[in-house]
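Chemist: One letter stands for each residue in the lines below.
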Amino acid sequence: MAKRVGMEVSIAIAEAARQANVDVVSAYPITPQTHIVEHLASLVADGELDAEYITVESEHTAMSACVGAAAAGARVFTSTSSQGLALMHEILYLAPSLRTPVVMALANRALSGPISIWNDHSDVMGQRDTGWISIFANNGQEAYDLTLMAFKIGEHPDVLLPVMVNFDGFILTHVIEPLYMFEDEELEGYLPPFEYKYKLDTDNPMTLGPVGLPDVYTEAKKQQDVAIRNSRKVIDEVLKEFGENFGRKYNPIEHYKSDDADIILLTQGSVTEAAEVAVDALREQGKKVGIVELRLWRPFPFQDLIDALVNAKCVVVLDRCISFGGQAGPVLSEVRSALYHEPKRPMVVGCVAGLGGRDISLENYIEMFEIGENFLKTGKEPEIVKIVGLRE
Amino acid sequence: MMNPKPKWTELTFACIIPEPGNSVEYKTGDWKTLAPVVDKKRCIKCGTCYIFCPEYAYEKDEYGYFNPNYDYCKGCGICAVECPASCITMEEEVKE
Numbered sequence: 001m002a003k004r005v006g007m008e009v010s011i012a013i014a015e016a017a018r019q020a021n022v023d024v025v026s027a028y029p030i031t032p033q034t035h036i037v038e039h040l041a042s043l044v045a046d047g048e049l050d051a052e053y054i055t056v057e058s059e060h061t062a063m064s065a066c067v068g069a070a071a072a073g074a075r076v077f078t079s080t081s082s083q084g085l086a087l088m089h090e091i092l093y094l095a096p097s098l099r100t101p102v103v104m105a106l107a108n109r110a111l112s113g114p115i116s117i118w119n120d121h122s123d124v125m126g127q128r129d130t131g132w133i134s135i136f137a138n139n140g141q142e143a144y145d146l147t148l149m150a151f152k153i154g155e156h157p158d159v160l161l162p163v164m165v166n167f168d169g170f171i172l173t174h175v176i177e178p179l180y181m182f183e184d185e186e187l188e189g190y191l192p193p194f195e196y197k198y199k200l201d202t203d204n205p206m207t208l209g210p211v212g213l214p215d216v217y218t219e220a221k222k223q224q225d226v227a228i229r230n231s232r233k234v235i236d237e238v239l240k241e242f243g244e245n246f247g248r249k250y251n252p253i254e255h256y257k258s259d260d261a262d263i264i265l266l267t268q269g270s271v272t273e274a275a276e277v278a279v280d281a282l283r284e285q286g287k288k289v290g291i292v293e294l295r296l297w298r299p300f301p302f303q304d305l306i307d308a309l310v311n312a313k314c315v316v317v318l319d320r321c322i323s324f325g326g327q328a329g330p331v332l333s334e335v336r337s338a339l340y341h342e343p344k345r346p347m348v349v350g351c352v353a354g355l356g357g358r359d360i361s362l363e364n365y366i367e368m369f370e371i372g373e374n375f376l377k378t379g380k381e382p383e384i385v386k387i388v389g390l391r392e
Numbered sequence: 393m394m395n396p397k398p399k400w401t402e403l404t405f406a407c408i409i410p411e412p413g414n415s416v417e418y419k420t421g422d423w424k425t426l427a428p429v430v431d432k433k434r435c436i437k438c439g440t441c442y443i444f445c446p447e448y449a450y451e452k453d454e455y456g457y458f459n460p461n462y463d464y465c466k467g468c469g470i471c472a473v474e475c476p477a478s479c480i481t482m483e484e485e486v487k488e
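Chain order of the listed sequences is A and B.
Note that this note's numbering has the first sequence beginning at 1, numbered continuously upward.
Note that this note's numbering has the second sequence beginning at 393, numbered continuously upward.
Okay, chain B solo, but in the shape it has when bound:
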């Protein structure tokens, strides 16, 4: 991986990212203020949240539930709006 604070002489030509797929190394989860919380008692496992998530942050688990990966979820709330079972609520990540 490239030095995260490169000198200008160390930067790749024209800021090209020569290595494909390395955006997974860049965790954007700390951008959010509200995090989606899935109530699995009401979840119908339809995958709407997974389809709509602009960050591909939902992952399917072994029981068929879709869970947000908080390392990448930016907290946009689209999943909570789109969920047909209304089982996703946006909650403060840090409760005081």
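Bound conformation, chain A alone:
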């Protein structure tokens, strides 16, 4: 039976990669992800994981090695954060376009400058359109579970796409959390060996990654977009099957007291559980508030989100990243546009908080709901980028 253990979340994520029996790990250490790849390097060095650990001089090369290894039919894992993800940018596009199912654990961290090693979501948002399946965990247990599920999703013959699992740097990575770890036997058969039909093979030579002249590039991109949209079916199956087998349920959109809520706070990542405390406090005052968590970021769960939000009067979108000179943040603009065609839709307002490791207090969450209340009362949108917790 799964044991409940106290474990640093980074180590649990590395253990998930071990239990997935990865063939190749290539990564470059960066705070706050370092413990993950350090632990994997130890496992390989100690003979506890039969894998190639490819040491590299940069994240750009780490991702290149991962794509190459996956193309050769290996089960591949990597992990990074912030500047590391930014340095991978160029190769991030290759993994989905070559249909190589790399799994990445992304310890979300702010981007320079000023230099910040602390948590926000600027890194993942900058890579939004690279074509990766992208999913958020809001605690260590979820990060562990989703890492295992990521292999199952990405390697599914109907998907064959890379998957990034997002979890907040430090807030989750460096916390010792009580979580249920599977015994290795429990996972037997959960992840069958990865048999890549299209792998590079000298006995059956073929070309992967050729030039796409203007005659075919458009069609290739269409094929890729359809592939990630179609992955949703497998994502749903994998989440459902995990819940049925192991009792922990995951959905593309999660709810907290949002069914009858007038004002909904829309969250991603670890802030979700923290904001629940504010919802409970406001509910005690008789306020109809709730939370909707956008767990699945890509492919974007349009219909689920619409269903979750249309009955509310106002949605306050919390962005952990600023879209400079645009709408408050990328999540706000996506949520607003997803609702645009709905004949009955809530008002949508955005705020930014928790940048570069700034804690979001209970009062801050309550203020976010107040932004919604005021917006409903006055119909007047606050300044375009409303930053909660800003000194002014």
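Read the hints as simulated data drawn from the structure, not as lab findings.
There's no promise every hint is true.
What the hints assert, rightly or not - Result set (EDC-like, lysine to aspartate or glutamate): computed pairs, CA atoms no more than 16 Å apart in a straight line:
{"id": "1", "chain 1": "A", "residue 1": "Lys222", "chain 2": "B", "residue 2": "Glu402"}
{"id": "2", "chain 1": "A", "residue 1": "Lys257", "chain 2": "A", "residue 2": "Asp280"}
{"id": "3", "chain 1": "B", "residue 1": "Lys399", "chain 2": "A", "residue 2": "Asp215"}
{"id": "4", "chain 1": "B", "residue 1": "Lys466", "chain 2": "B", "residue 2": "Glu484"}
Once you have looked at the hints, place chain B on chain A.
Modeler: Just chain B now, kept in the frame of chain A:
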């Protein structure tokens, strides 16, 4: 051979080219503006042009001379620069 203008549903998975060696079907010779012309009176048959050609466009004939295949030569001019006998000149393919 694949339809040169496939619909997106007809494209191979991830644009894989499953058939090895089919680049010969793709003639790149019309990219060039200048074409190498070999003066066989001065050619010493050393094969330097053949070795340096990035397109493997030079072919050896029965007399031991190396001749550019204009179906594939892109006109880069590397052969003309490298030829130790200076017997290759880059000339306009179409003379008006």
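Chemist: Does the structure break any of the earlier hints, and which numbers would those be?
Modeler: No numbers; nothing is violated.
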